[in-house]
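> With the hints as your guide, set chain B onto chain A.
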Amino acid sequence: MSESQSGRLLPWALVTPALLWTLVFFIIPFVAMFVLSFMQHEDGRATFENYRQFFDNPSYWRALVNSLQVTLTVTAISVLLAYPFAWILAEIVPVRYQRLALMLAVLPFWTSYVVRSYSWLLVLAQNGVVNQALTGSGIVDDPLQIANTRGATIIGFVHFFVMLLTLTIFANLKQLSPSYRRAAADLGAGPVRVFLHVILPLTLPGIMVGAFLTFVLAIGDYITPQILGGNNELLMPQLIMMQIGRRGDFPLASALAIILMVVVTIAYIICSRWLKIERT
Amino acid sequence: MKSVLRTHVRASVLAAATLALVAVSPALSQDLNALIWCDHADPALLQPFEEANGVKVNVKEFEGTGAGLAIVEQSQPGDWDVMVIDTIDIPRGVAKGLFAALPEDQLPIADLFPEVKMDASTVVDGKRYGITEKFGYNTIGFNNTKVDAADMQSMASLTGEKYKGRIAIYDYYLPVIGMAALALGKETAKLTEADLPAIRDELMKMKANAKLVGEVTASQTALATGEVDILVGGGEWVTAGLAKENPALDFSIPKEGAVLWSQALAMFEASRNKDLALKFIQYIMSPEGQARLATSSCYWGMPASTKAALTEEEKKTLRFDEQPGFLARAQAYPAPDAELDKKMQDIWTEMLQAQ
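First to last, the sequence lines map onto chains A and B. Per the numbering used here, the first sequence starts with residue 1, numbered consecutively. Per the numbering used here, the second sequence starts with residue 281, numbered consecutively.
No wet-lab data here; the hints were simulated from the structure. Note that CB positions come from ideal geometry on N, CA and C, so glycine has one too. A hint or two may mislead.
Derived contacts from chain B toward chain A, CB cut-off under 10 Å, selection only [said to hold, decoys possible]:
| # | residue |
| --- | --- |
| 1 | Val403 |
| 2 | Asp451 |
| 3 | Tyr452 |
| 4 | Gly506 |
| 5 | Ala618 |
| 6 | Met631 |
SDA-like, lysine to any residue: derived pairs with alpha carbons at most 20 Å apart [as the list claims (entries may be wrong)]:
| # | chain 1 | residue 1 | chain 2 | residue 2 |
| --- | --- | --- | --- | --- |
| 7 | B | Lys622 | A | Phe48 |
| 8 | B | Lys397 | B | Glu384 |
| 9 | A | Lys174 | A | Val79 |
| 10 | B | Lys622 | A | Gly248 |
| 11 | B | Lys376 | A | Gly44 |
Bound conformation, chain A alone (with noise of 0.2 Å):
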């Protein structure tokens, strides 16, 4: 074999792991769960009707209504939450401490999700420490419902989600060299503007980044909201998981993970331009 033939085949031997590992476990996959998504359950026979009915039953496209509202809603405070986290961290922290300091943000990963979502359950209960407080320094005078509610699937997620962006955030303005400030603050700029102009829109796409994967990781999640949200309502997860225990309605069950993932494309596509590898 020629130096150049073996220098063409080299990266596709180096490649050649992960895409057999993305052929084996995303794309046959996705491949079948697709055609099951066009089967009957009864006797396997191709049909639309899973499709049909997820358009046609109001109780199950409220679930996809439910799912956007609650990840959005998750997906902005995350961020704005986050944002000034990670600020501080990287700014304000002196460099010396700035691992111990992630290393204490990244904490609560080191529990088990669900563990840490039963923690919550029983921090937000009726009789639980929020209430406590509330009730013992007389701010309420009954307890509040917290626990058990859309807000509570809220404050689960947001907790989980903090910690992943501040990483991501962190690591964009770290990137960042001080010499973009310097300038801006030679040409006239104030501190706000500065960071309006300049650094905000260098680091948007570590925001964007961090927010894509908080919106695919919760839009996904079942854990949180079962555990937290009571069943007061269904988001997709729990609806497909709902097809799948007694009845074993698997295509059914495929159709609503498609409908999720054509979701998750779409969201794909609208941040595409801020998850490219290069810098331009």
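Just chain B, lined up with the frame of chain A:
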């Protein structure tokens, strides 16, 4: 040097031979593979059987018949030996050709409470394919220090104003739809599509009064922590296991009745360990096995056998002596066909989404 080498070779050969013997040892190759609900995962239940027979019981937990049957379909024939299943769903497994007929003469059928033999589900074409092992009621679970026990004798309390916001609903559509049917004076065994609009309205009234709709752990936690005082669909399976820590948790069988739930054991036709599988079923149905299963750490429930070796305290907690009266007032778990099942799940979805 030569002798050292010979010693090493001998040791290696011996080790290889030992490994080979271990690999083909019948005792170890006779692992029992069981598809189970969480109550069968309790070591206190499994260890005595494992020790007595020198075998290992490998368990896989699942929730819901659909999920369980999906696991079977994704496995190789012979991977599984026994399965725990809703008694009413045994015909589903038989229709798929999954289950083997059980030898009635080797099982203590006569010891079962007559109401839970459920031959209509466990016997197909004259052959027994399953045996009920545990049962209980989907009824009203409550905290008797916060709720007037007299109110819990009527399902009207679940939709009235008095307990609004203090109620949780168990998140499983069949038993709670059964309870809604009972509240409307309908027979759970004879439900048809024509009954669904009224049942839907009853479910909506329950939802309007409820603080949450929760699966097993969430609803049990809500009742135990005081988040709610009443659990629609609760029963001994929620209250009995917590009786020691929280004796105030109680259940009633209201005047309208309750829904009888039951779980059964079935043996797979493709099992390669049918003798061991039968031994396991016999063990679970023995007085000792029944007592251990009834008081499993995951959830308590009434043993199907009248001869379960329960202590007096355990019997009291499970209200063992009151069973004849309870069973007389309990109605069958709804067992809809596939089409009606789908419609029932849809009205349940509608109820969950209602604000």
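> Flag every earlier hint the structure violates by its number, smallest first.
When the structure is compared with the hints, only number 1 turns out to be violated.
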